[in-house]
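Trainee: The primary structure of each chain is shown beneath.
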Amino acid sequence: MNAPAPALGCTNTPVLKERGQREVFCGLTGIIWLHRKMQDAFFLVVGSRTCAHLLQSAAGVMIFAEPRFGTAILEEKDLAGLADAQTELDREVDRLLSRRPDIRQLFLVGSCPSEVIKLDLHRAAERMSVKHAPHVRVLNYSGSGIETTFTQGEDACLASMVPTLGATAEKELLLVGALPDVVEDQAMALLAALGITKVRCLPARRSADALAIGPNTVFALLQPFLGDTHAALTRRGARHIPAPFPFGAEGTTLWLQAIATEFGVDPDLFAKVTAAPRARAEKAVAAATQTLSGKSIFFFPDSQLEIPLARFLTRECGMTAIEVGTPFLHRDLLGPDLALLAHGPTISEGQDVDKQLTRARAARADLTVCGLGLANPLEAEGMATKWAIELVFTPVHFYEQAGDLAALFARPLRRRALLAPLAPDMEAAE
Amino acid sequence: MKLTLWTYEGPPHVGAMRVATAMKGLHYVLHAPQGDTYADLLFTMIERRDHRPPVTYTTFQARDLGGDTATLFKSACQDAVDRFAPEAIIVGASCTAELIQDNPAGLAGSMNLGLPVIALDLPSYQRKEGFGTDETFLQIVRHLAQPCARTEQITANLIGPTALGFRHRDDITELTRLLSEMGIGLNVVAPMGARPSDIARLGAAHFNVLMYPEHAESAARWLETNFKQPYTKTVPIGVGATRDFLAEVSKITGLAPKTDTTRLRLPWWTRSVDSTYLTGKRVFIFGDGTHVAAAARIAREEMGFEVAGLGCFNREMARPIRALAKDYGVEALISDDYLEVEAAIAALQPEMILGTQMERHIGKRLGIPCAVISAPVHVQDFPARYSPQMGWEGANVIFDTWVHPLVMGLEEHLLHMFRDDFEFHDDAGASHHGGAHKPREAAAEAAPAAAEEAGSMPAEPASLDQAVPVVQPSGDIVWLSDAEAELKKIPFFVRGKARRNTETYAQTKGVTAISVETLYEAKAHYAR
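Sequence lines, in order, name chains H and F.
Numbering-wise (the numbering used here), the first sequence opens with residue 1 and increments by one.
Numbering-wise (the numbering used here), the second sequence opens with residue 431 and increments by one.
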């Protein structure tokens, strides 16, 4: 069974709050995975060449020949008021929708420049929704870097969808968060085996899969960064089922347990359904634990997954956390994870990257989790790193991926061990 | 407002970063929101740099906007100077900060930082990355270069190489060798590897070698005007261009164009009879103006290709590229719209593309082989081995690189002869391209950028003919079954072209049902 909760968790640990240069992506980055999840959606960023360049760089150059995202680049005449930006936007959207009749949902995504010039995308979305109804629904949210950090883009996107959901009085479970279909299907299968069949997912894969919520809806979050979506669902009367996030064997079990309790699932049935996949997960995690056990880890703030992952790595893989940085700390959502994370590590929120680098260098953890801009420079200083973005792009949730999740952290350490004979040359090349 | 799916160039401040990151002892304080820090990964991941780019971002947030972003900028400047102790700083704004009009130049200038402060004015909503590199380097040179006496030995500056450049690292080595064979020393290489104190002594060189006009032409002109330093106009990429370059250097310096061509292999490799199959291959060339102009000359004069079309994405080079196109009897495509380039390639149906990573993907879709000749770069454009584009070794590298994606001449015949053989069957693809992969379906591309992020190569295309279905009725034209069978006998790597040519021919002749006759009439019609 689960290890006991620590006598003293991190629930009341004072948080080191920092403000300074932040080395993080903006919320536009979420488009990279959201557009794959919502197969009939197009994400139109209203922004600058920088936005387009970010998306292209974050996606790797050109994975998709004609992707379902693009940037309407603001030009001098849009800013100088020579052109009515709203009219220009209408024209670009008309052109886009006529070329892509497969698009059923269009997201107008605000950026730093569009927010600064106060381009009203909400009004634009309403106008376009009327014009293109019923074929296309147009929504808007902000992925701007002055308002959102990396995964907050997904939160803003999902929150923008909540007001459009239909109403229902049925007792239903809503799973919230964009996961790869294969992982989502695993979750649905587990819930079905527990006898919970009225389950829907936000976001739905296609816009036709109509979702409805109401006072009898309960929802479980799949990702820890969905604070605004949580609030929007609560405003619609839905009720959150608090739980640790489904990472690792323990996290998955506790997450399922919370839902099972809500739906009054028989404990014997629960044990029967979860026993086999849980044992598989524990076995798979154990393989990576051989590498990870006794090692220390330092998290730079990135995806907001840091606290649940630190909980997983310390409790299931035998690691020691030195610092767990997160861009934002949603205590409402992360309470159960914080309680399980043993007291000890520094919990930091926000960032002053140079100060944090100084701390990371002093700590010289066995593994440092950081963004792509920092990973190679730290490797060159002899530190092992795991780049955080992979944690968002890779299927890591639930039992069947628990071993993969642990392996993501073990691989850099195993690789270093393999390459150790070349290490002197590497240092010399610096 | 303009809808953009993929861009050839980033914003101008990324150009400034390329210059700053190439240099040492220089720091860039950039007024920008947090999202703009993504640009660091271009350098640490694509180029695999082992240091962070020397850039401090102010990373202002929405809540700062009502308050004092100017103070934020000033404290970022002070912190950067204290922490990194640069010899000089450059200051500027990214697209968002440009809108809030904090005037980084004035703010930093008023701070008495005790070091040169170079202000950049890079209009984000008008210009792009190439302008950013050129303008930044010009401003650095204007602010830091001091009049000084010429060196005793004849020396040159190599100007233009930046971070994230296409093979800039190795071009420097090759040029250094070419110049040294003539007895010419190096004064300064800039921006790559130069410190602000090196920029100060640019004027000591007898002339400048302008390696990449995209990045340093303005600085070259400024040095010519102010320090009376001539600069070279020929970019030595290709055998002919390298010879012309040496002649130009000889004219400037009065030194004999001594050079050691024993290491040059391209001329013999292209004359060797195994290269006969290259004759008249129709190529489409696209990239930055400098590399396109060089590639066109190599393609026609040194490889024996036919240039079917050419163009560039940087408007700054529109005029010379248009003139060049006229010389080649084609219409230049000046565009940074990726879809327009794809349409042009699809219409021309070249046998090969010489392009950027963008065109490599277009080629994958259309089933046309592509060799990369120009930025924008990808991690695979930073090979571990020595791999210049300039000079004699550059010519050798170009020969190998361009020939590699093609199905080789002898293999072409073998494929034809043994097309039903189990090893040579259609789907086997070219033997030097590795095993046959299963065609990847669009819907299966779900896993987003994990591997791409790592900077690894995207999955290579499935078998070459993935985008070339055997017979796909287009419009009202129908293939009769005997014609279809005949089409299948044509090797896969030319089948797509045969099909399109036949359909186009049928269309112009008003034929709606394609027979074997039509197929061969079309073949004769298009014969060269």
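Just so you know, not all the hints are guaranteed correct.
So the derived label-pair ranges between C-beta atoms look like this [to be verified]: (1) F/Q937 x H/R235: 32 to 38 Å; (2) F/G710 x H/V130: 45 to 51 Å; (3) F/A776 x H/V130: 32 to 38 Å; (4) H/A83 x F/A492: 24 to 30 Å; (5) H/A83 x F/D498: 30 to 36 Å.
Keep in mind the hints are simulated off the structure, nothing from the lab.
By construction, the Cβ of each residue, glycine as well, lies at the ideal position given by its N, Cα and C atoms.
Trainee: Indicate, hint by hint, whether the structure satisfies it.
Mentor: Hints, one by one, checked against the model:
Separation of F/Q937 from H/R235 is about 60 Å and departs from the stated range, judged on CB atoms against 32 to 38 Å. In this structure, F/G710 and H/V130 break the distance hint of 45 to 51 Å, their C-beta atoms being roughly 57 Å apart. Under the hint 32 to 38 Å, the C-beta atoms of F/A776 and H/V130, about 37 Å apart, fit the expected range. Between H/A83 and F/A492, the C-beta spacing of about 25 Å keeps the proposed range 24 to 30 Å intact.
Remark: the range hint 30 to 36 Å for H/A83 to F/D498 is upheld by a beta-carbon distance near 32 Å.
Comparing the model with each earlier hint shows violations of hints 1 and 2; every other hint is respected.
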